[in-house]
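J.: All chains should be modelled from the sequences, with the hints used to inform the complete structure.
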Amino acid sequence: MPVEVIVKSLFILIVVVVGLAPVITWIERKQSAVMQDRIGANRADVAGITVLGLLHPLADVIKLLAKEDVVPTGANRVMHQLAPMIAAVPAVIAYAVIPFGGVYTFGDWKLSLVAADPDWGLLYIFAIGSIATYGSVLAGWASNNNWSLLGGLRVSAQMISYEVTMGLSVVGVFMIFGTLKLTDMAIAQDQTFRLLGFLEVLFGLQVPVWLDWLRLPGWGIFYQPLGFVMFLTAIMAENKRPPFDMPEGESEIIAGYHLEYSGMRFGLFYMSEFIEVIVIAGLVATLFLGGWSVPYLSQETIIGAIAGPFNTEFATGLCMIVHFACFMLKVIVMIWLQMALRWTLPRFRYDQVMDLCWKIILPLSIVNIFVTGAVMLLARGSS
Amino acid sequence: MTVPVVLFYAFAVLAVVSALGMVLNVRNTVASAMNLVVTMIALAGIYLLLEAYLVAVVQIMVYAGAIVVLFLFVVMLLNLRHDTFAPGRQWLVKAGALLLSLVVLSELLRLFSGGLPAPQAVLAPAGFGGYRQVGIALYTDYVLLVEMASLLLLAAIVGALILAKRRID
Chain W
11 MPVEVIVKSL
21 FILIVVVVGL
31 APVITWIERK
41 QSAVMQDRIG
51 ANRADVAGIT
61 VLGLLHPLAD
71 VIKLLAKEDV
81 VPTGANRVMH
91 QLAPMIAAVP
101 AVIAYAVIPF
111 GGVYTFGDWK
121 LSLVAADPDW
131 GLLYIFAIGS
141 IATYGSVLAG
151 WASNNNWSLL
161 GGLRVSAQMI
171 SYEVTMGLSV
181 VGVFMIFGTL
191 KLTDMAIAQD
201 QTFRLLGFLE
211 VLFGLQVPVW
221 LDWLRLPGWG
231 IFYQPLGFVM
241 FLTAIMAENK
251 RPPFDMPEGE
261 SEIIAGYHLE
271 YSGMRFGLFY
281 MSEFIEVIVI
291 AGLVATLFLG
301 GWSVPYLSQE
311 TIIGAIAGPF
321 NTEFATGLCM
331 IVHFACFMLK
341 VIVMIWLQMA
351 LRWTLPRFRY
361 DQVMDLCWKI
371 ILPLSIVNIF
381 VTGAVMLLAR
391 GSS
Chain C
38 MTVPVVLFYA
48 FAVLAVVSAL
58 GMVLNVRNTV
68 ASAMNLVVTM
78 IALAGIYLLL
88 EAYLVAVVQI
98 MVYAGAIVVL
108 FLFVVMLLNL
118 RHDTFAPGRQ
128 WLVKAGALLL
138 SLVVLSELLR
148 LFSGGLPAPQ
158 AVLAPAGFGG
168 YRQVGIALYT
178 DYVLLVEMAS
188 LLLLAAIVGA
198 LILAKRRID
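For the record, the sequence lines run as chains W and C.
Numbering-wise (my numbering), the first sequence opens with residue 11 and increments by one.
Numbering-wise (my numbering), the second sequence opens with residue 38 and increments by one.
Derived by calculation from the structure, the hints in this document are not laboratory data.
Heads up, some of the hints might be wrong.
Looking from chain C toward chain W, a few residues come up when the C-beta cut is under 10 Å (computed) [unchecked claim]: (1) Leu-86; (2) Tyr-90; (3) Leu-91; (4) Val-106.
Just so it is clear, CB atoms sit at the ideal spot from N, CA and C, and this is done for glycine as well.
T.: Quick look at the structure:
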């Protein structure tokens, strides 16, 4: 058992953190170039070969590692050096509970594609996310710079505000799936539901049987469309990337909390934001986009279809690969969406961000909880 | 020693050391607050070993993740203005602290005068400490207390709003 957990953790570290995070920096540059009608990152080369600018992440790492690590005069040395690590560690360990696939049975060996699967998986991510605040706040305080301090203050206010709304906006999802365990949520979304079923529940109309083929995959986004938008907004604000990057706000406070950082310590802040982009994509895919499930094809259907001509073990293995690919596809779509938003929207003003949190998303998410509860009660009464 | 025992001692030592660090760090308020965070996380680890999962997560989310961040917020704002305590009130604070620690000490002595009870191997019932059980308990047996606490919080929110609004007006 410990060996299995270590292998899975290494897999997550290598595939996601080492593999995907540098690619995201490339995607960000290239996508911004495409959106702004430029050619984009294409200068870094090895012996004249540029590979579409894919070598830029490598050049970044070499540059950041070779730079001098400056600690400003009058800064708190210990805190200044600890802060980037406190920012980066929560981003990496949040992956532990995100399922990359379901449970697959090979003979009497059960393989589940998630490193740790506690009943309170979603709460774990929220707890880890609340710890991540300290990295930026301490960085702002320890740098002995007024702009950094302002950035730190903005971080603490913004992240605490959005933690509240982030939690409340997904309560509807827990209510519908009846669990906080991320694998169970993904399994629940492997089914489909009738598109017109709500007419029976809400208005007592009889939907003819020949319309039963009108089905949707039971994804969270179809049950909780408002919850999806609110959760995505809140969690993107939590990550403090544009358009929610008031803590960095170059035009107002230069670079905010990481102003006084250089070299790889700056790189850690930079990387942790990109790693969080993948965590957000994975979490949104699991909560709202059906996790690893293939729409309209449940796990039994896939295994049954392949197991006919081949044996069951082969079918299960193939199903596992299909599920993993499906999950990664959803993750990449969510990453693309975040990048597109980042390069589309200008930075909000600070009071607009706070108003959005406390005056719009918070009341709406409470209304969402009550409406979800009422509809669930009606549905339970009618069946 | 088994793994849980080793983990328990690790968390216990961490909690005590960081709690001492918090109290003894009089020069640097931010370091003090960070020690408080470490204490909270170590306590959450001990709750996890006791299978009180929800309490552990809430401990990190609410105490370590939100309340101490607000402490830091205030500390950072105070540092900006170089505020100090008024020198005249120091003896009052010290006398209050002494009184409070005497009360706590006498309570501890009374509690432990009979010696600590022997540890018992009791298995937690299935689902113990999960969000389901805690939720059911809170909204059936303890619903009156929950409502009272929510009223108290509402009063605090209204009070804070009135104070802040008077300052703005």
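J.: Next step is simple, just say for each hint if it's right about the structure.
T.: Now the hints, each set against the structure:
1. Leu-86: violated (14 Å)
2. Tyr-90: holds (5 Å)
3. Leu-91: With Cβ-Cβ at 7 Å, under 10 Å, it holds.
4. Val-106: It holds, given that the least Cβ distance between Val-106(C) and chain W is near 5 Å, below 10 Å.
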